[in-house]
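J.: Chains B and D are the protein sequences, given in the same order.
0 is the number of the first residue of the first sequence in numbering that gives the first Met the number 0; add one for each residue after it.
0 is the number of the first residue of the second sequence in numbering that gives the first Met the number 0; add one for each residue after it.
Be aware that a few hints might be false.
Because identical chains share one entry, a pair is satisfied inside a single copy or across any pair of copies.
Here are the computed lysine to aspartate or glutamate pairs in the DMTMM-like style, where the Cα-Cα straight-line distance is at most 25 angstroms [as the list claims (entries may be wrong)]:
1. K248 x D43
2. K10 x E145
3. K313 x E4
4. K32 x D43
5. K248 x D52
6. K93 x E227
7. K155 x E172
8. K32 x D48
9. K93 x D43
10. K32 x D52
Since the hints were made in silico from the structure, they are not lab data.
There are 2 protein chains.
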Amino acid sequence: MFVFEEQEIRKYISINREIIEQIEGGFTKLARKEVNLPPILRMDFPLYDGEVDVKTAYVQGMASFAIKISSGFFQNHILGLPSLSGMMILLSAKTGLTEALLLDNGYLTDVRTAAAGAVAANYLAKELVDVAGVIGTGMQARVQMEALYLVRPFKKLLVYGRNRENAERYRKEMESKLPVKIIMAESVEEVVRKSDVVVTTTPSTEPLIRAEWLHPGLHITAMGSDAEHKQEIDPLIFQKVDVVVCDVKEQSFRLGELHHAKEEIEMADVLEIGEITAKQKLGRGNDQQITICDLTGTGVQDTVCANYAFNLLKKAAHL
Amino acid sequence: MFVFEEQEIRKYISINREIIEQIEGGFTKLARKEVNLPPILRMDFPLYDGEVDVKTAYVQGMASFAIKISSGFFQNHILGLPSLSGMMILLSAKTGLTEALLLDNGYLTDVRTAAAGAVAANYLAKELVDVAGVIGTGMQARVQMEALYLVRPFKKLLVYGRNRENAERYRKEMESKLPVKIIMAESVEEVVRKSDVVVTTTPSTEPLIRAEWLHPGLHITAMGSDAEHKQEIDPLIFQKVDVVVCDVKEQSFRLGELHHAKEEIEMADVLEIGEITAKQKLGRGNDQQITICDLTGTGVQDTVCANYAFNLLKKAAHL
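Here chain B stands alone, though its shape is the one from the complex (with noise of 0.2 angstroms):
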């Protein structure tokens, strides 16, 4: 069994074309149904604000599953530690040994993620995006807007976050990232009005986009919300866009923006990410339409991504 730490897996593992894609295949093998995706298992602490996931899914093809162990505690601060951590714990689909233990701190999981956000523009958003919006300012802010500028080389880059300070670190620590125009916007509604792609990575517990704010060309990705109570998106939104998009259906609807949206969307007008990928369905029929995406996140995005760090740490690791 190998173990490998955070610093190690950071040193050779960072957001690429080639994770975007790899996590485009997990999704189309979602669609053909050639995974096994068990429902999540979730603890919640309510004592310490806490919540505790465990998502796994086996992908055919590969070699090895992942089950991965996701924290939040978001009392952590006061103790000076972090809100989040995980590990994957990586065994092979033909034995159920444990092959590796990829002590990633969560850092796998803003990669998959950030993967997830891309491949949903690359299908969903406008060919020319110009103007990309960001709605938060911590990792999955960077990360998001890392990812969709390999598949949107978008030119402005809009930014809200309701903390002044760490919206500017943001913007200075993109600034070095990204070759673009970063502008700090005064609100929401902004962000929403002047870009073509807008992706919001918040915690929030009440919508935060109304439908008014559309415009003809948007595209919206959804990731924030991965529990109940969570939510980004004024439900009405989903009455209003061409298409409406998530990865896993029976896992939005109970845990995504679709949750709070029962009655303005029905299961059969939603279009998971796969289907699209594989060809099933068409996403964005024109420049005109507008789309929404809603990533609550799953075990299939996990277990290629486990795979495939894997391969790369081996493979440094000269194993």
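Take the given structure of chain B and dock chain D to it, following the hints.
T.: Just chain D now, kept in the frame of chain B:
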């Protein structure tokens, strides 16, 4: 984060009265609704006759909770590999951060499963047990009898296994462990007819014990079945016995013997072992009754056992 290997864990953790008491305490808390016990995450690999389970539970008052991964791939012997493996990951119940990896390859599962058997026998078997019987000759057939001996110091042990060689090996090993006479039975029937307590420990997929073999005073613990297709007990037995107990009703009716006995017995007529240890319900009423306990294995046991092991291991390592 601490990492403990199997060898170290085996050195410091053994089947004793303390772990049996701890496991009993876990069941009691479960009955008192002081446990958060999410459903098992499970994935099957029919191609390799494999399965993987993830169990967890939060027990109020415990500093940490375990997430346990266990896999069983039943063609591994062809490759010269063990069928069963697993590990426990211990996370802080206050911060969600990983505290320890217990790389026990399933050893702690053996311990906590045996301890649950002892709890069941302690509350359900007659006070005086002369003859114990066991069906199967694998690891659980060993540890169940070790644990049973601590609560009911029997004088004779009847064992039945299909494979004569394995049974002979079992006899030799157990003779060195327990000061009892070990007798190789000719049949399951012989074991059941002649024993005061019978523990079934096989992965059987069809009933091994028939209703007509039962006799007054008998207690049966069936711990082999933990999946829909597994079965050791003739469902008619549930009509015939006086007291039917399980670890977790919802789970036993899904994965245990009770899964096959839905027409023979209603959920309302089944007790959970924690209701008995918590003194909410009565177990055995007199020496003539026949009792049965269907154990499927729960995350409560894992969290209790992992906390117990971690504390001992820290002490041993002067941490």
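J.: For every hint, state whether the structure bears it out.
T.: These are the hints, each one checked on the structure:
When the C-alpha separation of K248 and D43 is checked against a cutoff of 25 angstroms, the pair qualifies both within a copy, at 23 angstroms, and between copies, at 22 angstroms. For the homomeric pair K10 and E145, the shortest alpha-carbon distance inside one copy (17 angstroms) is at most 25 angstroms, but the shortest distance between copies (49 angstroms) is not. Taking the shortest alpha-carbon separations for K313 and E4, both the intra-copy value of 13 angstroms and the inter-copy value of 22 angstroms come in at or below 25 angstroms. Taking identical chains as interchangeable, the C-alpha atoms of K32 and D43 lie at most 25 angstroms apart only when they sit on different chains, with a minimum of 15 angstroms there against 31 angstroms within one chain.
In this assembly of identical chains, the alpha carbons of K248 and D52 lie at most 25 angstroms apart whether taken from the same copy (18 angstroms) or from different copies (24 angstroms). Only between protomers do K93 and E227 lie at most 25 angstroms apart by alpha-carbon distance; the minimum there is 22 angstroms, versus 35 angstroms within a single protomer. In this assembly of identical chains, the alpha carbons of K155 and E172 lie at most 25 angstroms apart only when taken from the same copy (15 angstroms versus 73 angstroms across copies). Taking the shortest Cα distances, K32 and D48 sit within 25 angstroms of each other only across copies (20 angstroms), while inside one copy they are farther apart (36 angstroms).
Taking identical chains as interchangeable, the C-alpha atoms of K93 and D43 lie at most 25 angstroms apart only when they sit on different chains, with a minimum of 11 angstroms there against 32 angstroms within one chain. Taking CA atoms no more than 25 angstroms apart as the test, K32 paired with D52 passes in both settings, with 24 angstroms inside one copy and 22 angstroms between copies.
The earlier numbered hints are all upheld by this structure, with none contradicted.
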